[in-house]
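Participant: Protein chains in written order, with this note's numbering: chain L, 145 to 348; chain X, 2 to 477.
Just so you know, not all the hints are guaranteed correct.
Okay, the calculated bits of chain X under chain L, using three or more residues with CB under 8 Å as the criterion [what the hints assert, rightly or not]:
no. : segment
1   : 83 to 96
2   : 403 to 416
3   : 421 to 429
If you're looking for bench data, these hints aren't it; they were derived computationally from the structure.
Quick reminder that beta carbons are idealized off the backbone N, C-alpha and C, glycines included.
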Amino acid sequence: MEKFRKLTSKVMPLDRVNVDTDQIIPKQFLKRIERTGYGEYLFFDWRQDPGFELNNPRYAGAKILVAARNFGCGSSREHAAWALSDYGFRCVIAPGFADIFHSNAGKNGILLVTLPGEQVQTLLDRAAKTENYSLTVSLEENTIHDGHGFATQFAIDPFRRECLLEGLDDIGLTLRHAAELDKFEKQHDAAFWVAPRAGEQAQA
Amino acid sequence: MSAAKTLFEKVWESHVVAEPGNEPALLYIDLHLIHEVTSPQAFEGLRLAGRRVRRPDRSIATVDHNVPTTANRVVIEDPVAARQIETLRRNCADFGVTLYDVESPRQGIVHVIGPELGLSKPGMTIVCGDSHTSTHGALGALAFGIGTSEVEHVLATECLPQGKPKTFRISVEGELPEGVTAKDIVLAIIGRIGTDGATGCVIEYAGSAIRSLSLEGRMTVCNMSIEAGARAGMIAPDETTFAWLKGRPFAPQGADWDRAVAEWRKLATDPGARFDRELTIPAVEIEPCVTWGTNPGMVASVTGRVPELGDAKTEADRRAWTRALEYMDLRPGTPIEEIAIDRVFIGSCTNSRIEDLRAAAKVVAGHRVHSSVRAMVVPGSQLVKAQAEREGLDRIFREAGFEWREPGCSMCLGMNPDILQPGERCASTSNRNFEGRQGRGGRTHLVSPMMAAAAAIMGRFTDVRTWEFRKEEVPA
Chain L
145 MEKFRKLTSK VMPLDRVNVD TDQIIPKQFL KRIERTGYGE YLFFDWRQDP GFELNNPRYA
205 GAKILVAARN FGCGSSREHA AWALSDYGFR CVIAPGFADI FHSNAGKNGI LLVTLPGEQV
265 QTLLDRAAKT ENYSLTVSLE ENTIHDGHGF ATQFAIDPFR RECLLEGLDD IGLTLRHAAE
325 LDKFEKQHDA AFWVAPRAGE QAQA
Chain X
2 MSAAKTLFEK VWESHVVAEP GNEPALLYID LHLIHEVTSP QAFEGLRLAG RRVRRPDRSI
62 ATVDHNVPTT ANRVVIEDPV AARQIETLRR NCADFGVTLY DVESPRQGIV HVIGPELGLS
122 KPGMTIVCGD SHTSTHGALG ALAFGIGTSE VEHVLATECL PQGKPKTFRI SVEGELPEGV
182 TAKDIVLAII GRIGTDGATG CVIEYAGSAI RSLSLEGRMT VCNMSIEAGA RAGMIAPDET
242 TFAWLKGRPF APQGADWDRA VAEWRKLATD PGARFDRELT IPAVEIEPCV TWGTNPGMVA
302 SVTGRVPELG DAKTEADRRA WTRALEYMDL RPGTPIEEIA IDRVFIGSCT NSRIEDLRAA
362 AKVVAGHRVH SSVRAMVVPG SQLVKAQAER EGLDRIFREA GFEWREPGCS MCLGMNPDIL
422 QPGERCASTS NRNFEGRQGR GGRTHLVSPM MAAAAAIMGR FTDVRTWEFR KEEVPA
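Please work from the sequences and hints to get the whole structure.
Facilitator: Right, dumping it as structure tokens:
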């Protein structure tokens, strides 16, 4: 996974609440078996509208997306994170994110920053009004600033932060606990009432 | 004396493998359900890293999202979908995972077959690369949807690092009025708390109206927990649960059964256990619900109207409502019962179980589908389909003019050929009314199976509480 340390980039505002993962990547692109190549389908339906932000040349090359409340709700499709990342987004700032999307983003090196609604509104307004509006996001310092008076600290789960900073592979981290896992599993297997095939009958 | 604990805490604590200080807990996973759409990249990840599936016996796969629902569906015309299904077959064969393939009598929607085969049980941790995994919480399991990276993680380790969610008890108290169903309960809840009302939480549904629900009804409620943003939904196992589970293919038998039930009885939330949040809703306030917008929180009573924009609480909501009404081609203030529909879909992991089909058939019996409506029933599994056919429900639907299909996710998300055309308006028993969910430009209204059936007959939404039932008993 690509490390996330510090990023300075143009900002694309998306001032819509409850942006669901069906919009981020519609279902017809979920039939592929690859992990890459989803960027061209990002916000596929909304992009049919020439006025949609992604079609606006002033936001071209933006790696930071600022969105409204509950971004990434709905379907668990990791394709949403793959599409954002493949398109070039490395950071999304919003007042809140859906849980599964939050997890998926982290596993693809995308930093999600939760800020209070008023601050997000400020960023949305500035990004919409200012040509080439850009932000600097530092995960090392937990700060965001625009060099023009907007500066704030943000909070982030320490484990998630560490994984992003170091680009850590989750499975590798879990396997550090292999001995505990073996021990737990041996005991747990005796609890047949929570085993899937407890009363297995002849296969249909 | 140990502190009083919630159902969630009991299941959580019995599955913690390790709690390394400043990292999330490592949670053991009892059952991993797999389908064709969110697994190919996970298996590929295993291959690239030279890893195996740690516990094939705790993994079960089926095909549901992509499969056509037409009678002859062994050959899939869409080459991209066919390749994805073929990939699942190869992955299951290579890694030793049981697959209920398209011709298996156990094939079906992953969240229908898990419980009906008795794979899902009280007290388990269950995951699947699908957000509606919350369904299995109806049995008293901790069940939640995960992304593909996590699918790979579970395949490799049978564990997941998980931050501990908060607890939220939603109690629905009192007797549900006739014609008001589990679907209306959960739509009413989402309407009240919003699509991010339970983000970061595991909901426990409680109260007399929840306890009086059948297992199928409880699954409908837990299924849509994710639409309120919740990590999972759970209901304490009770006599209804045990009676429903007993004798299913993977349920414990004989002396094991009694021992299992004794264990499961310990799971219910202790008196005095504390929740992070609580909400109580009187059942009597719940009416048959119809969504009018483009998320499941945009919901009205069937006797109500599409809201006026002035009713929006915030400017952001007002803009979202404006956009939703434009997409849905609805005017503020329109009575819900005046909204005419083109299509009806009865199916999905929310409402495709035998009880759902019985409820819909009872409404349909003796009536004809409206001339301007195309209606279809897609049973949730081969077992549901066979049961319905034994009961003659298929005949009732067919005679009324419904299409009777093969099991799969179908028009809930339109990954297979079952999609709405642009501008078509559908009464659907599924779980999401997002823009384009059932087909680009399609307009979805979420309702209960009874409400969908009545809409199919009338060609518009109608209050099922005043329905003229033409046949008292649905023939067996």
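Participant: Within the segment 421 to 429 of chain X, is the number of residues with a Cβ closer than 8 Å to a Cβ of chain L three or more?
Facilitator: That given contact is violated, which follows from only 0 residues of the segment 421 to 429 of chain X lying within Cβ reach (below 8 Å) of chain L.
Participant: Do three or more residues of the segment 403 to 416 of chain X come closer than 8 Å to chain L, measuring C-beta to C-beta?
Facilitator: holds (count 3)
Participant: Are there three or more residues in the segment 83 to 96 of chain X whose C-beta lies closer than 8 Å to some C-beta of chain L?
Facilitator: As far as the segment 83 to 96 of chain X goes, the hint holds, because 3 residues have Cβ atoms under 8 Å from chain L.
Of the hints listed earlier, the one the structure fails to meet is number 3.
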